[in-house]
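Protein chains in written order, with our numbering: chain A, 26 to 242; chain H, 26 to 242; chain E, 61 to 324.
Just so you know, the hints here were simulated from the structure itself, not pulled from any lab data.
These figures come from a predicted structure and were not determined experimentally.
Among these hints, one or two may not hold up.
Quick list of in silico lysine to aspartate or glutamate cross-link-like pairs, DMTMM-like style, CA-CA up to 25 Å [stated by the list, open to error]:
id, chain 1, residue 1, chain 2, residue 2
1, E, Lys148, E, Glu124
2, A, Lys113, H, Glu63
3, A, Lys83, E, Asp192
4, A, Lys94, E, Asp192
5, E, Lys183, A, Glu86
6, H, Lys94, E, Asp206
7, A, Lys120, A, Glu185
8, E, Lys187, A, Glu43
Going by beta-carbon spacing under 7 Å, a handful of chain H positions derived as facing chain E [as the list claims (entries may be wrong)]:
id, residue
9, Lys113
10, Glu117
11, Glu127
Note that CB positions come from ideal geometry on N, CA and C, so glycine has one too.
Spelled out from the first residue to the last, the chains are:
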Amino acid sequence: MTDKPANDSLFEAPPMAEQERMVEAILFATAEPVSVHELIGRMPHGCDPAEALVYLRKRYEGRGVHLVKIGDAWAFRTASDLGHLMQKEIVETRKLSRAAIETLAIIAYHQPATRAEIEEIRGVSVSRGTVDQLIEMEWVRLGRRRMTPGRPVTFVVTQEFLDHFGLENARDLPGLKELRAAGLLENRPAPGLSQLGQTSQDEEDEEDDDQTELFED
Amino acid sequence: MTDKPANDSLFEAPPMAEQERMVEAILFATAEPVSVHELIGRMPHGCDPAEALVYLRKRYEGRGVHLVKIGDAWAFRTASDLGHLMQKEIVETRKLSRAAIETLAIIAYHQPATRAEIEEIRGVSVSRGTVDQLIEMEWVRLGRRRMTPGRPVTFVVTQEFLDHFGLENARDLPGLKELRAAGLLENRPAPGLSQLGQTSQDEEDEEDDDQTELFED
Amino acid sequence: MTDSIFQEDVQTVAERQAAEALIVDVGAFEGPLDLLLTLSRTQKVDLRQISILALAEQYLAFVEQAKKLRLELAADYLVMAAWLAFLKSRLLLPPDPSEEGPSGEELAAHLAFQLERLEGMRKAAAKLMARDQLGRDFFARGITEDVQRVRRVTYTATLLDLMQGYARIRTRDDFRPFVMDRDAVMTMEQSLARMRTLIGFAGDWTDIASYLPEGWELDPVKRRSATAATFAASLELAKEGKIEIRQGETFAPIQIRKREPHDR
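Put together the whole structure using the sequences plus the hints.
Next up, the structure:
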């Protein structure tokens, strides 16, 4: 690969080809994505796993196993066109209810999302069990509290969610651009008094602009 | 990815490169080594996994993971020279135990000091582990054997010790008077014990003299 | 049966659509917004071109039908019905300039937005679930190796710790209660017991130093303690009349010998 000598260190780091081998071994040994930070911690002083990952990813292009990025972590995953060979390995995931799937999608596309926002979008109250199930599956976790009256908790998707759906990050969600372009990811409060949903404090200012934008033409 | 679609036909097996990908993915994802027999069962009709394994094994030669044969089954294994990467080191800095500090202090103030002397000064027996720990830390090393009956080993402090504590010499350690001046000593010393930094050997000799004087004719 | 078909023909479009919607079980809807979205599909137009007025009428007809069939409708369906009735009146009546609040168009636009957004999320959810999934379409490593967590503990101490430690020992030494030195101390009782057994063999004058327990004479601390205890025991034995005791001069060795009974 490369004989690029070790730099940025007082100590001699192993050659890049060797670093690539090390990253390969570490990532092969685990089912969980490993962050660059952890790779640095486990490899000899002066190593540059970020660079090694670039070479390694290239090496596995088109192979039966791919190197994939999940958030700021990396993992080997089998090529999805070979999934049919792995019938034996299929892990039965719990069947999600329609409510759970919709709730998950709303959290993923609107994150961070409060329960009130989820309810407003779905037009029904969200049962406690639905969010709990998603949290239990480790696809959803609590985000920062919203800085609005009542300081409601927010929900965000996790690295496990990204890993499960083969997403590098939440920006890669399918159809995200189109939804955003259509203005459907804006939190638009109901005009005046409405039973259909609560206005979210922080978005109130944008109210007028949004509406004209969408319905002008 | 190859452009040849997976072929499940009875007559035409996928090209060897594709078979190699398949074997790679199966061995990667399966929880135990996989036999050629099982590979044949899982791959499309007409495949020759035995041949694919030959290519695959070659491909992984010198890599971070190797293709190895275990009995009549195959599996990927971490290259043996990289086994050390399967450790995650957590460095934890702890304060030295009271016993170790006291033992160290006695050695530093009284060096060279025998175990018996340390025990005499501390008033309790010194566990083997305590001295071993100090030696392992390279703060204490063995000195010359004492020329007394039993020729006991002595302990002295090391250069590493001096470096750690910023001392040029163990004699630079503050004496009892200075410790008191610094508020480190609250109790008044017993008469005759004000001199600190003397080796216990000296004290012993003096005691010896006193006693002989008293009891000899 | 044919009668009823002819009867249906006389129904208005809205009524027919409401009847169609009713084919779907009410329980299958996830709230009034979901029902509205389902009803809106009967308009067979893009959601952006939907007639909110027509939709409101469809919904109200649905609720009417449900009431006729004595179907139990959850409260939020009825709330929505009331709101849509209000919206319908706003949309039909010319705007009253004295009236406060948003116009019927604004309310309708928001409802259209909500329907479109819900539809958007439904489609997004479907796309998400259609993606290749871990453990179904692609797989993680099957044989994993445990990462050993090696806890390396480094110990440290400061010069202050060292000095305090030393000071602690020295000061403790100075004031250590007598009993703490047990192992280097010989009590008079111990010495007395020892001498009682040994004295029988001591017919001649013997230095009391020779009565010290074996090994104690090598250790200065032990020797001092044993010497004192032996001396005190000697005095006790002399007092009992068991031994005689003598010393040539000041600091000369103290000697003892057994006192024979006939000496009395």
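Hints versus structure:
1. Under the criterion of a C-alpha separation no larger than 25 Å, the hint pairing Lys148/E with Glu124/E is consistent with the structure, at around 15 Å.
2. Between Lys113/A and Glu63/H the CA atoms are separated by roughly 11 Å; this keeps the pair inside 25 Å, and the hint holds.
3. Distance restraint check for Lys83/A and Asp192/E: the Cα-Cα separation of roughly 21 Å lies within the 25 Å cut-off, and the hinted pair is therefore satisfied.
4. The hinted pair formed by Lys94/A and Asp192/E meets the criterion: a straight-line CA distance of about 15 Å does not exceed 25 Å.
5. With a CA separation close to 31 Å, the supplied pair Lys183/E and Glu86/A exceeds the 25 Å bound.
6. Simply put, Lys94/H and Asp206/E have alpha-carbon atoms about 21 Å apart, close enough for the 25 Å limit, and the pair holds.
7. For the suggested pair Lys120/A and Glu185/A, the alpha carbons sit about 17 Å apart, so the restraint of at most 25 Å is met.
8. In summary, the hint linking Lys187/E to Glu43/A is not supported, as the alpha carbons are separated by about 41 Å, beyond the 25 Å threshold.
9. For Lys113/H, the shortest C-beta to C-beta distance to chain E is roughly 5 Å, which falls under 7 Å, so the interface hint holds.
10. With its C-beta approaching chain E no nearer than about 5 Å, Glu117/H sits inside the 7 Å limit, and its interface hint holds.
11. The criterion of a C-beta within 7 Å of any C-beta in chain E is met by Glu127/H, whose closest approach is roughly 5 Å, and the hint holds.
Of the hints listed earlier, those the structure fails to meet are numbers 5 and 8, in rising order.
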